[in-house]
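J.: Read off the chains here:
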Amino acid sequence: MKLVFTLAFLLSTTTFAKSRGEELFNLCMSCHGQQGYGNHKVGAPAIAGLPKWYITKQLTIFASGGRGKHPDDDAGNRMRPMARTLTPEDIKDVADYVSILKPQTPEKTLHGDLEKGKALFVVCAACHGQNGDGNEVLHAPTLKISNDWYLVTQLKNFKNKIRGADAVTDAFGATMSPMAATLPDEEAMKNVITYVQSLKQ
Amino acid sequence: MMEQIITQASSYAAQIDNVIHLIAAIVGVWLAVAFYVFFSFIFKYTRKRHPKAAYITGETHEDGKWVHRAHFVVIACDVVILVFAAMAWHHVKQQLPPAEATIRIVGQQWAWKFTDPGLDNQLDTVDDINTIDELHVKVNTVYHFKLEAKDVLHSFSVPVFRLKQDAIPGRVITGWFKPTKTGEYDIQCAEMCGIGHGVMAAKIVVETPEAHAAWLEQHKSQNITQNIKTKNLKKLAINK
Chain A
1 MKLVFTLAFL
11 LSTTTFAKSR
21 GEELFNLCMS
31 CHGQQGYGNH
41 KVGAPAIAGL
51 PKWYITKQLT
61 IFASGGRGKH
71 PDDDAGNRMR
81 PMARTLTPED
91 IKDVADYVSI
101 LKPQTPEKTL
111 HGDLEKGKAL
121 FVVCAACHGQ
131 NGDGNEVLHA
141 PTLKISNDWY
151 LVTQLKNFKN
161 KIRGADAVTD
171 AFGATMSPMA
181 ATLPDEEAMK
191 NVITYVQSLK
201 Q
Chain R
1 MMEQIITQAS
11 SYAAQIDNVI
21 HLIAAIVGVW
31 LAVAFYVFFS
41 FIFKYTRKRH
51 PKAAYITGET
61 HEDGKWVHRA
71 HFVVIACDVV
81 ILVFAAMAWH
91 HVKQQLPPAE
101 ATIRIVGQQW
111 AWKFTDPGLD
121 NQLDTVDDIN
131 TIDELHVKVN
141 TVYHFKLEAK
151 DVLHSFSVPV
161 FRLKQDAIPG
171 RVITGWFKPT
181 KTGEYDIQCA
191 EMCGIGHGVM
201 AAKIVVETPE
211 AHAAWLEQHK
221 SQNITQNIKT
231 KNLKKLAINK
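Taken in sequence, the protein lines are chains A and R. Start counting the first sequence at 1; every next residue gets the next number (the numbering used here). Start counting the second sequence at 1; every next residue gets the next number (the numbering used here).
Do not take every clue at face value.
Unchecked claim - Examples of chain R residues lying across from chain A (beta carbon under 7 Å, computed): (1) Gln109; (2) Ala111; (3) Asn130; (4) Ile132; (5) Ile195; (6) Gly196; (7) Val199; (8) Trp215.
Stated by the list, open to error - Partial list, computed: chain R residues near chain A (C-beta under 10 Å): (9) Gln8; (10) Val106; (11) Trp110; (12) Phe114; (13) Thr115; (14) Asp127; (15) Met200; (16) Ala201.
Claimed, not checked - Pairwise CB distance ranges (calculated): (17) R:Pro209 with A:Thr87: 35 to 45 Å; (18) R:Val199 with A:Pro51: 21 to 31 Å; (19) R:Asp120 with A:His139: 36 to 46 Å; (20) R:Glu184 with A:Val42: 30 to 40 Å; (21) R:Met87 with A:Glu187: 57 to 67 Å; (22) R:Asn18 with A:Lys52: 55 to 65 Å; (23) R:Gln94 with A:Val123: 53 to 63 Å; (24) R:Val199 with A:Glu187: 45 to 55 Å; (25) A:Asp185 with R:Ala213: 15 to 25 Å; (26) R:Glu184 with A:Ala171: 44 to 54 Å.
Everything labelled a hint here was simulated from the structure, so no lab data went into it. Built from N, CA and C at the ideal position, the CB exists for glycine as well.
Work out the full structure: start from the sequences and follow the hints.
T.: Here it is in structure tokens:
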């Protein structure tokens, strides 16, 4: 009988107890939403289902001041103090949890020129892959589950040295920065992201 | 007394501390009187000595004077506090001494951003220096600040300056301070502004004119490029 109770107790705690990552996710929820689908109003992108290595890396860079420390990066300025409240162990746990959340195809908000975008995407494909699936070896994240408005903002940030300006604090951002600089203007950024959107179907 | 707890690093810190001392002294005296009366009555009017309590309605002049006279003294104390508090308020909030430099302070969830006027000492020009988390100022210089909030209410608090000013979205609030002691001090948001309020902190670095000049020189070139790139100036001009 004792054994049954013990087993029942163990089963109940493993089934119902929240993982540490899930508990930590409460902090993220206030901006990124309950399911991690993001909130455009506060500049919080979808994060559900992003690869664990990418979340870990970005949280670490945010916490160390490599990202979100530029005065013109409003959304990054909001994210940085949040990341600073996490220990390396917390980052690992929360990245674990966020990476297993079910991603959704984000809503389209851009209507650029698909053909022009396709031509520009050749540069991106070198690291992010032909289908924008990303490549961990090259530290290039997937583009398929990110919001189009977020991607355009990040391209602008990379181009204007708001993100990835310093190779010491954000080495992989610094490799993206000259890539974004090849896009001449916002129009081109919208075109290429419109093409990225089309890959999601 | 206050200075032993937290250093005074602005020209008006001592005046504000004096108001706090005055309030503490007056309230302290009354506290001592109240405790003396309370405990001496407990001792004096024990059941053994006064088995039957007297019922006093307070309607006669003789009874009432114990209440009225104390009231008048309390009001007089209040007036004294008000006069000194109003003098401090007038000095800190109403009467702005001429600015030797003007900076911009912007609060947003959850960071403090600062704009230094740069070498030309003019805001909204190409050599402005934008920083986050760190405000560099010269010691013994009168600074005016233009305080703004981007999203919700914030409060710019520098405890060593005895300065606390709310930042309100849509308003540009002008205030001033004159740092008197070099060093690195805390800035903290003092108005609940969301989940990151507790970590919305920054540093104010009060430095000698030489150190400040070196800092300006160091940040000069990179900010000019950045200002042109991100069209900061245009954006700021529209905001104005």
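J.: All hints are to be evaluated individually against the structure, with a verdict given for each.
T.: Consistency of the hints with the structure:
Among the interface hints, the one on glutamine 109 (chain R) holds; its C-beta lies about 5 Å from the nearest C-beta in chain A, closer than the 7 Å criterion. Proximity of alanine 111 (chain R) to chain A holds as hinted, the smallest CB-CB distance being about 4 Å (cut-off 7 Å). Evaluation of the asparagine 130 (chain R) hint against chain A yields a held restraint, the C-beta minimum of about 4 Å falling below 7 Å. The beta carbon of isoleucine 132 (chain R) is positioned within 7 Å of a beta carbon in chain A (closest approach about 5 Å), and the interface hint is therefore held.
Interface hint status for isoleucine 195 (chain R): upheld, as the beta-carbon distance to the closest one in chain A is roughly 5 Å, under 7 Å. Here the hint on glycine 196 (chain R) is kept, as its CB sits about 5 Å from the closest CB of chain A, short of 7 Å. Using the Cβ-Cβ criterion of 7 Å, the hint placing valine 199 (chain R) at the interface with chain A is satisfied: the shortest such distance is roughly 4 Å. Checking tryptophan 215 (chain R) against chain A: minimum C-beta separation of about 16 Å lies over 7 Å; hint violated.
Look at glutamine 8 (chain R): its Cβ only gets to about 29 Å from chain A, farther than 10 Å, so that hint breaks. At a threshold of 10 Å, the smallest CB-CB gap from valine 106 (chain R) to chain A is about 8 Å, leaving the interface hint in force. A distance limit of 10 Å between C-beta atoms decides the matter here; for tryptophan 110 (chain R) the minimum to chain A is near 5 Å, and the interface restraint holds. At a threshold of 10 Å, the smallest CB-CB gap from phenylalanine 114 (chain R) to chain A is about 8 Å, leaving the interface hint in force.
A cut of 10 Å between beta carbons decides the hint on threonine 115 (chain R): the least distance to chain A is about 8 Å, and the hint holds. Of the supplied interface hints, the one on aspartate 127 (chain R) is violated, with its beta-carbon coming no nearer than about 15 Å to a beta-carbon of chain A, more than 10 Å. With a cut of 10 Å, the hint placing methionine 200 (chain R) at the interface with chain A holds, because the nearest CB-to-CB distance is about 7 Å. Evaluation of the alanine 201 (chain R) hint against chain A yields a held restraint, the C-beta minimum of about 9 Å falling below 10 Å.
Distance hint check: the CB atoms of proline 209 (chain R) and threonine 87 (chain A) are about 41 Å apart, consistent with the given range 35 to 45 Å. Range check, valine 199 (chain R) to proline 51 (chain A): about 27 Å between beta-carbon atoms, so the 21 to 31 Å window is met. About 42 Å separates the C-beta atoms of aspartate 120 (chain R) and histidine 139 (chain A), a value consistent with the hinted range of 36 to 46 Å. Our hint of 30 to 40 Å for glutamate 184 (chain R) and valine 42 (chain A) holds, since their Cβ atoms are close to 32 Å apart.
Here the CB-CB span from methionine 87 (chain R) to glutamate 187 (chain A) is close to 60 Å, well matched to the stated 57 to 67 Å. Hint check: asparagine 18 (chain R) to lysine 52 (chain A), Cβ distance near 58 Å, so the stated range 55 to 65 Å holds. Checked against the hint of 53 to 63 Å, the pair glutamine 94 (chain R) and valine 123 (chain A) passes, with Cβ atoms roughly 59 Å apart. Remark: the range hint 45 to 55 Å for valine 199 (chain R) to glutamate 187 (chain A) is contradicted by a beta-carbon distance near 38 Å.
Taking the beta carbon of each, aspartate 185 (chain A) and alanine 213 (chain R) are about 38 Å apart, not inside 15 to 25 Å as hinted. Taking the beta carbon of each, glutamate 184 (chain R) and alanine 171 (chain A) are about 29 Å apart, not inside 44 to 54 Å as hinted.
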